[in-house]
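Asks: Sequences listed follow chains L and C, in order.
Using our numbering, the first residue of the first sequence is number 3, and each one after it goes up by one.
Using our numbering, the first residue of the second sequence is number 3, and each one after it goes up by one.
If you are wondering where the hints come from, they were derived from the structure by calculation, not from laboratory data.
There may be inaccurate statements among the hints.
Since the list gives no way to pick out one identical chain from another, each pair is judged satisfied if it fits inside one copy or across any two copies.
To be verified - Calculated cross-link-like contacts (lysine to any residue; reagent style SDA-like; alpha-carbon spacing at most 20 Å):
#1 K62 with V46
#2 K4 with K195
#3 K12 with A259
#4 K55 with I286
#5 K12 with D117
#6 K85 with P217
#7 K4 with K163
#8 K115 with F13
#9 K4 with A259
#10 K62 with L378
#11 K115 with V387
#12 K62 with F7
#13 K195 with E70
#14 K115 with R10
#15 K305 with L316
#16 K15 with N123
#17 K24 with K62
#18 K388 with L308
#19 K47 with K62
#20 K115 with E9
#21 K12 with H252
#22 K12 with K115
#23 K85 with T59
#24 K385 with V303
#25 K4 with E191
Number of protein chains: 2
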Amino acid sequence: MKYGFSERVKFMKSSAVRDILKVINQGNIISFAGGLPEESLFPVKAVDAAFHKAVTTNNKALQYGETEGVAALRAALAERMRKKGLIRDPDNILITSGSQQAIDLFSRVMFNKGDIILTENPTYLAALQVFESYETRVVAVDSDDDGMVIADLEEKITRLKPKCIYVVPTYSNPTGKVWSLDRREKLLELANKYHVVIFEDDPYGELQFDKEAAPPSIASLDENGLVLYTSTFSKTVVPAMRIGWIVGPHQIIRIMAQAKQATDLHTNSISQHALVHLLRDFDIDEHIQTIRDTYYERMQVMKELLDTVNLEGLEYIEPKGGMFFWVTLPEEINATKLLDEAVKAGVAYVPGAPFYVSDAEQNTMRLNFTNSSPALIREGMEKLVKVLEKSRLQV
Amino acid sequence: MKYGFSERVKFMKSSAVRDILKVINQGNIISFAGGLPEESLFPVKAVDAAFHKAVTTNNKALQYGETEGVAALRAALAERMRKKGLIRDPDNILITSGSQQAIDLFSRVMFNKGDIILTENPTYLAALQVFESYETRVVAVDSDDDGMVIADLEEKITRLKPKCIYVVPTYSNPTGKVWSLDRREKLLELANKYHVVIFEDDPYGELQFDKEAAPPSIASLDENGLVLYTSTFSKTVVPAMRIGWIVGPHQIIRIMAQAKQATDLHTNSISQHALVHLLRDFDIDEHIQTIRDTYYERMQVMKELLDTVNLEGLEYIEPKGGMFFWVTLPEEINATKLLDEAVKAGVAYVPGAPFYVSDAEQNTMRLNFTNSSPALIREGMEKLVKVLEKSRLQV
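With the rest of the complex left out, here is chain L (with noise of 0.2 Å):
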């Protein structure tokens, strides 16, 4: 039997970076390729007894549930994020499978074939995954280290109309950048001016190293209904609960609600509750607090390998929270080339290229440093600087 797909079919790509991570995690190599939390992190106890108060409490909690997702967590988030001066009511909430769902049902109810979108330039590929698969444009603004670049973003608005302006303005995937608040403010002047809209991405905001946090979330400077902030508790409780949350103006998220219960009905309700007892009887703060001093711990340790390297050229961007370095190699370095030596040298990262809107730069890689331990990020690093070291001579 011959199957006719849809069109869309042909928009939709697998994740380059899934593709890489099954090749490495068939042999015996260590990686910092992947985007994961650390396993040994994760609130074991603390879970396993919010999952048997939302079990036991009410059998209601195990019934069919609301599309816009259980009214205590909403009212619950809506009460953590007005802590961060993002003040919204829950009925601006909707709970998602993960925050990229969130993206998706976005992406559903907004856009059409051919509409275009503005991203920072390289960007979280897997949102790109998405936005290519409902056909749209997706063109890249020029961006330098406080976030995108305020001419160029005004010149590619005016010129290319577009309908949103993605953005993951702290410690980004793949870079770790942080905007600063002046080119945030910019933006929301620019969105205003030009009546369109913001996606604000930020699944790592929690993730802070510096005693100074990050500036505020655009969402909570917006005073005009223009942006969208989604976020998740995949990086500060574990990714397996799939619960995210999207808060924006009521409008939107009530035609993406619509679309949610064509899709999936709703969230498991039963992560949910849990949520909801997890936020109540555990001290989540404290928790990310160590997240947070571990994960930096660990940039510490891979910093100290990566400023070893003998390889004039090599550039790297010191994350001030989040996953990730983002390196930049002498420009004769062909990063997805390279990964073959690496993984023979027992080591892997992701290259930077598929994470380019367009221009990609070869000479790129991303490394994660939230999910080796810190003699493995050492061992692995004294691998990996010896292959970086090599490639100089091999040019």
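Given chain L's structure and the hints, the job is docking chain C onto it.
Replies: Using the frame of chain L, we list chain C on its own:
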């Protein structure tokens, strides 16, 4: 701010049933309107033990997981289906966030705007919602008590060249009908002859009342990769887990997994691992027998009261399984209009009209018997009988 939504939003409908339920849930009303399983039957102890094991056995279970689903769950499902004559490899299975997501992902990878889908009439409302959101055209095939009328089906296949035939052949929602073996075989023959894919939606197949089982699933008769089959744990364990699965040709399952990756990465894996433990440690078949016995008793109580209605022209189908009575009133009675009277009298149902693809019969209603105790069914049906008998006088 005025937001520009996508074209497809125009084709998204809120569920008429959900809108009715919102009104009903506000008052002190005995409701036969929903489609909920009985909460007091939820196997709370077993679910609690299963989640405890899922959370505490291995931290890997709390990490990001595979898009296709937890391997042990797919293996357990393959084994369960094998016992029912549906012999497929775990690789032919995709775990979904309830079987609703299976319908959505299938639609996403198969349907282009204008594609034709043949269905029974009436049929499952939320499937129609999904199909319409992809701008397809749904066309009803004539049905009788044994399933689709084969002559009409063949005429419509040859004339309309449909992409898919969607059926709920076992204890269907809304009619409670069961397709005969002969019709199942003839449907397959036609699908094979004309190369049309069949989507078999089977959420209720386990809820059998007769000693005699329903005929085998259409998928189990398929030797040519024609059938996609979906089912769920929502009716046999608990709905809040949102775990369904779809089994079919590997070529389609693989593309659906790719679509799922962009949609939500993977299904909640704590619930998936919990189900693996539950299927090992708990006698789910004994539990399903308890559900069957309870629902059978409730169905009998409702039938007994239906038989007391003094209203010429009232007909119903006695369900051999599932969750619903489908009642046809005398032609001159409009069940949508009558609902107001019923709600005033303290009882609710769902009018049948929204379940029709076309030629809606306004004199039909769906009654759920699974979510009310026998005493409440008696009380509610006594109210409904009065409303029905009074309706005769008003015509």
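Asks: Which hints from the list above does the structure break, by number from lowest to highest?
Replies: 11, 12, 13 and 23
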